[in-house]
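*Asks:* Required output: the full structure, derived from the provided sequences and hints.
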Amino acid sequence: MTASDSVTTNRADPPAIADSALESGPGGTARPVLMKGNEAMAEAAIAAGCDAYFGYPITPQAELLEVMAKRMPELGRVFVQAESELGAINMGLGAAATGARVLVSSSSPGISLMAEGMSYLAGSELPLVLINVMRGGPGLGSIGPSQSDYFQATKGHGHGDYRVPVLAPSTIAEAVALLADAFEIAERYRTPVMLLPDGVIGQAMEPVLPTWRTPPRIKNDWELTGAAGRAPRVVRSLHLRPEDLEAHNTRLQAKYATIAEREVRWATESLDDAEILVVAYGTAARVARTAIERARRAGLAVGLLRPITLWPFPTAALAAIAPRMRAVVVVELSAGQMIEDVRLAVEGRAPVFFHGRTGGMIPMPGEVLRAIARAWAMTTVRPDHRVEDSGLAADTFAEEIVRAGDVVRAAAEPDPLSLIELATWAEVEGPIPTPELIEDPLDLVLAGHPEMRR
Amino acid sequence: MTIATATDRTDARIEPRGPEFEFMPLEIAVDRCKGCGLCVDVCPKHVLELDSTLVNPLGYHPVRLTDAAACTSCALCARICPDAVYTVFARPKGGMR
Amino acid sequence: MTSVAETRRIVYRPPQLLADHATHYCPGCGHGIVHRLIAELLEEMDLADRTIGVASVGCSVFAYDYLAVDFVESPHGRAPAVATGVRRARPDAFVFTYQGDGDLAAIGTAEIVHAAARGENISVIFVNNGIYGMTGGQMAPTTLLGQRTTSSPGGREASLMGYPIPIAEMLAILPGVAYAARGTIADPGWIGKTKAMLRRSFEVQIAGAGLSIVEILSTCPVGWGMTPAESMAHVTRDVVGTYPPGVIVDRLKAAADAAAVAATDAPPAPVAGSAGGS
Amino acid sequence: MQQSTIFGGFGGQGLLFAGHVLAQAAVIEGKDVSWMPSYGPEMRGGTASCTVIVSDEPIGSPIVDAADAVVALNPPSMAKFENLLVPGGILVLNASLIEAEPRRTDIQIVPVACSAIARAAGDDRLVSVAALGALIAQRPIVTAAAIRQALADLIGHRPALLAADIVAFDRGAADAALLAATPVPRASTNGRGIADSTV
Numbered sequence: 001m002t003a004s005d006s007v008t009t010n011r012a013d014p015p016a017i018a019d020s021a022l023e024s025g026p027g028g029t030a031r032p033v034l035m036k037g038n039e040a041m042a043e044a045a046i047a048a049g050c051d052a053y054f055g056y057p058i059t060p061q062a063e064l065l066e067v068m069a070k071r072m073p074e075l076g077r078v079f080v081q082a083e084s085e086l087g088a089i090n091m092g093l094g095a096a097a098t099g100a101r102v103l104v105s106s107s108s109p110g111i112s113l114m115a116e117g118m119s120y121l122a123g124s125e126l127p128l129v130l131i132n133v134m135r136g137g138p139g140l141g142s143i144g145p146s147q148s149d150y151f152q153a154t155k156g157h158g159h160g161d162y163r164v165p166v167l168a169p170s171t172i173a174e175a176v177a178l179l180a181d182a183f184e185i186a187e188r189y190r191t192p193v194m195l196l197p198d199g200v201i202g203q204a205m206e207p208v209l210p211t212w213r214t215p216p217r218i219k220n221d222w223e224l225t226g227a228a229g230r231a232p233r234v235v236r237s238l239h240l241r242p243e244d245l246e247a248h249n250t251r252l253q254a255k256y257a258t259i260a261e262r263e264v265r266w267a268t269e270s271l272d273d274a275e276i277l278v279v280a281y282g283t284a285a286r287v288a289r290t291a292i293e294r295a296r297r298a299g300l301a302v303g304l305l306r307p308i309t310l311w312p313f314p315t316a317a318l319a320a321i322a323p324r325m326r327a328v329v330v331v332e333l334s335a336g337q338m339i340e341d342v343r344l345a346v347e348g349r350a351p352v353f354f355h356g357r358t359g360g361m362i363p364m365p366g367e368v369l370r371a372i373a374r375a376w377a378m379t380t381v382r383p384d385h386r387v388e389d390s391g392l393a394a395d396t397f398a399e400e401i402v403r404a405g406d407v408v409r410a411a412a413e414p415d416p417l418s419l420i421e422l423a424t425w426a427e428v429e430g431p432i433p434t435p436e437l438i439e440d441p442l443d444l445v446l447a448g449h450p451e452m453r454r
Numbered sequence: 001m002t003i004a005t006a007t008d009r010t011d012a013r014i015e016p017r018g019p020e021f022e023f024m025p026l027e028i029a030v031d032r033c034k035g036c037g038l039c040v041d042v043c044p045k046h047v048l049e050l051d052s053t054l055v056n057p058l059g060y061h062p063v064r065l066t067d068a069a070a071c072t073s074c075a076l077c078a079r080i081c082p083d084a085v086y087t088v089f090a091r092p093k094g095g096m097r
Numbered sequence: 001m002t003s004v005a006e007t008r009r010i011v012y013r014p015p016q017l018l019a020d021h022a023t024h025y026c027p028g029c030g031h032g033i034v035h036r037l038i039a040e041l042l043e044e045m046d047l048a049d050r051t052i053g054v055a056s057v058g059c060s061v062f063a064y065d066y067l068a069v070d071f072v073e074s075p076h077g078r079a080p081a082v083a084t085g086v087r088r089a090r091p092d093a094f095v096f097t098y099q100g101d102g103d104l105a106a107i108g109t110a111e112i113v114h115a116a117a118r119g120e121n122i123s124v125i126f127v128n129n130g131i132y133g134m135t136g137g138q139m140a141p142t143t144l145l146g147q148r149t150t151s152s153p154g155g156r157e158a159s160l161m162g163y164p165i166p167i168a169e170m171l172a173i174l175p176g177v178a179y180a181a182r183g184t185i186a187d188p189g190w191i192g193k194t195k196a197m198l199r200r201s202f203e204v205q206i207a208g209a210g211l212s213i214v215e216i217l218s219t220c221p222v223g224w225g226m227t228p229a230e231s232m233a234h235v236t237r238d239v240v241g242t243y244p245p246g247v248i249v250d251r252l253k254a255a256a257d258a259a260a261v262a263a264t265d266a267p268p269a270p271v272a273g274s275a276g277g278s
Numbered sequence: 001m002q003q004s005t006i007f008g009g010f011g012g013q014g015l016l017f018a019g020h021v022l023a024q025a026a027v028i029e030g031k032d033v034s035w036m037p038s039y040g041p042e043m044r045g046g047t048a049s050c051t052v053i054v055s056d057e058p059i060g061s062p063i064v065d066a067a068d069a070v071v072a073l074n075p076p077s078m079a080k081f082e083n084l085l086v087p088g089g090i091l092v093l094n095a096s097l098i099e100a101e102p103r104r105t106d107i108q109i110v111p112v113a114c115s116a117i118a119r120a121a122g123d124d125r126l127v128s129v130a131a132l133g134a135l136i137a138q139r140p141i142v143t144a145a146a147i148r149q150a151l152a153d154l155i156g157h158r159p160a161l162l163a164a165d166i167v168a169f170d171r172g173a174a175d176a177a178l179l180a181a182t183p184v185p186r187a188s189t190n191g192r193g194i195a196d197s198t199v
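Respectively, the protein sequence lines represent chains G, Z, L and U. Heads up: the first sequence is residues 1 to 454, going by this note's numbering. Heads up: the second sequence is residues 1 to 97, going by this note's numbering. Heads up: the third sequence is residues 1 to 278, going by this note's numbering. Heads up: the fourth sequence is residues 1 to 199, going by this note's numbering.
These are calculated hints, taken from the structure and not from any lab test. As the structure is a computational prediction, the values presented were derived from the model and not from experiment. For each residue, glycine too, the CB sits at the ideal point set by N, CA and C. Any given hint could turn out to be false.
So these bits of chain L aren't anywhere near chain G, every CB distance computed over 10 Å [to be verified]: (1) H21; (2) C26; (3) F71; (4) G154; (5) T236; (6) A262.
Output of the computed footprint for chain L on chain Z, the stretches with three or more beta carbons under 8 Å from beta carbons of chain L [claimed, not checked]: (7) 43–49; (8) 68–80; (9) 83–92.
*Replies:* Here's what the structure looks like:
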């Protein structure tokens, strides 16, 4: 193998990047280290004190398994490549029951197989961190990056009344930080926690400041060690008497309420004068950020709300921000999943638009910019908006675009809207790449507008 | 006097019936007995039977020892009992018969 | 005065690890016998303090209510995976799974085969009564040909429903399986032999030799529509025809025997300094 | 200042590594960077690509719909990525394998016989590093010194390989420097760029 096959070479024989990074503790002055997302998450888990890892090969998270396969035995810790994702999550359950700090990782189809285990973990109140490096579905789908597991992650993978905190990083560095947080949340609340990067974050390389964190261990009275000197303990999810199960569920729900109150996280950018709010997480938020920069260069006041916890969802924050927005634009690598939580939070106080790509496709910044421009054109500034309407360029196209939109909706003709958009693009963005590169499926772009949905 | 009843496994119904029967080879936790009768079948001396005069808290006719003197403390009953109702004692040498 | 109780010598007492309240099992159910054997061995071998049991799904899920050791409850069929996690995270623990035939031989075949292939150092106690008892007596993978169940009302027919799975023999061919045996609780003699098999399984784990499995032919009087006594007779008369009891493989013993043979047949010890390669 | 580069070619041409070197060099220079591969089965022999964005500011989208530079190591990747170049962007093409002329006239075209350089340096898979040399010679996204340091960081534990990589990199840079810079047309005044140039 030669240098030209870089990634593999470096995995097989790493130039001590990870080790040197590990040696610098929190607050160290080590320079940023370029790391692949999957490798960075593995190193972060190791640094966080992960005692046991269980996994099964699947793209695009395989490097995570590979790094753990090498590093965990070196450290005298547990690594098992399971026979299936069912095996992996249940090995995780067993190890977690002994009080071990456990990481399991997979990608979308594998997570579906782990749904059972997640339900049992939640019911048994066992801490465990599960990473889903999301790829396209349904079914075998594609290996491309996707966010189409939002429903699965936030609305419950398996059966029963339970919630799982879901942390969604948008950069590799954030994935590293959130992984330590995930262990901490898992142990504090005795709950499985999901880290939900997409394939981009798993496969990309970015600089990571090696400020690893090891969450402190919490003493507990439930882990199984053998009953020497104490009464036997049972880790279980079965409560056959309805009264018992209801009491158990009531307690779980109280726990979830506490988590929802204390652990909700989000980030906002450029909100002060924003008239349009983009809501996006993970890689979609990265793309949206670039689109927002371009929009601002064109004079459109656009801000970003980036949920970091998908459950608990930053409902209150969004509900507070939305009323002063002329529109909310949701961007996802999916056909529209998080948008349901956005709508629930916005509660009709602003029109909600959507732009998404599926199947492993990633929306380009230009697409998102057009979605923003369209939302801008279809709406007017809110009376309670803080800043004066600055007479922005795209407004001149508003009427035309809305009319064009109606035409498209009625006739589904070849896209006259995109012609107008090209002009808009030229106005706000300068040169256009090439017409044939403009991929703008109207069904995706227009689906979100309340008017269009009637 | 009565047989010491240290645990609730003890069958308090088994009363000594006189000096010659003072030794009781079995304690039967009748509250746990489900009356399956497996012990009755395996007893080589045929000294166990389900007590049709009694219903225990589980709703079963529990087993009882019909002839303590005939019992050899072989413990086959204990070995096959799915509900662990038996404690078996050896006959003391040269003592009570 | 000295009480009679104090003067009596105990021949048998129920193990203290076994709960002294009634089980939920039906009258005559073999689970109670197997539970008791486990409790006896954990006490006799002084293992209770470091035991972590893995309960599976089926009638025996409540094993943790009756055996006073640490327990984790597993999803259906996944007990060997859960036990793998326990074993790896707690290398000093004594780990056993307690699984029925629906759990191990149907939904959990992948988990048991791969735990066996890995040679996970666990004891698998596989209680085979050829039926899904908890859900109402449906056909299991281990149901005998011709046997009537609520889901094979005309009797199990090979052309439609396949053949019974001889799990212990299947697993025994895997090199990761240190010990595989099949016992039964159908009569007192076999109960003793089965206890010896379980003891060997526990010894094999303590020796770190790999996975051991004891398949125990058991009964389901209610599911089979028989009295407890008829059920026992059915096992000794019919079930053992399909599933012959006995030790199928003991690789720990085989290795020890081979070593002993090698030791007696060995040529004179090599001169000092050439002791490599053992 | 943000510079996006797309490397495209066959799997096995080392383009992921070349992108990695560029990314590592950017880290050495204290910049933000993202390296995003096309991943999956195509890595094992088909057409592969990776996008490297180097920026003084935190990077938003790790993928781009308009690239500042394209390194095309085989004909399909030129066909695929040429159109993504911004006007005035740079196209480094592997003249050893690519016979077709680029269609674009509003970009800088740097044809270098990268495969020949690689073969001369001792390993066909050095083709990407040779192309990287050509790119950096014409567009100093990072300094050549940073590239050398990056190579040392990544493969310094294999000195012979490192030496071969540096030979290929330097030769690619030298060959590119010899080329007269292709005239770069001004971006059209109506902002339509290629649209005009290709109509």
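*Asks:* Return the numbers of the hints above that this structure violates; sort them in rising order.
*Replies:* Result: hints 3, 7 break, sorted rising.
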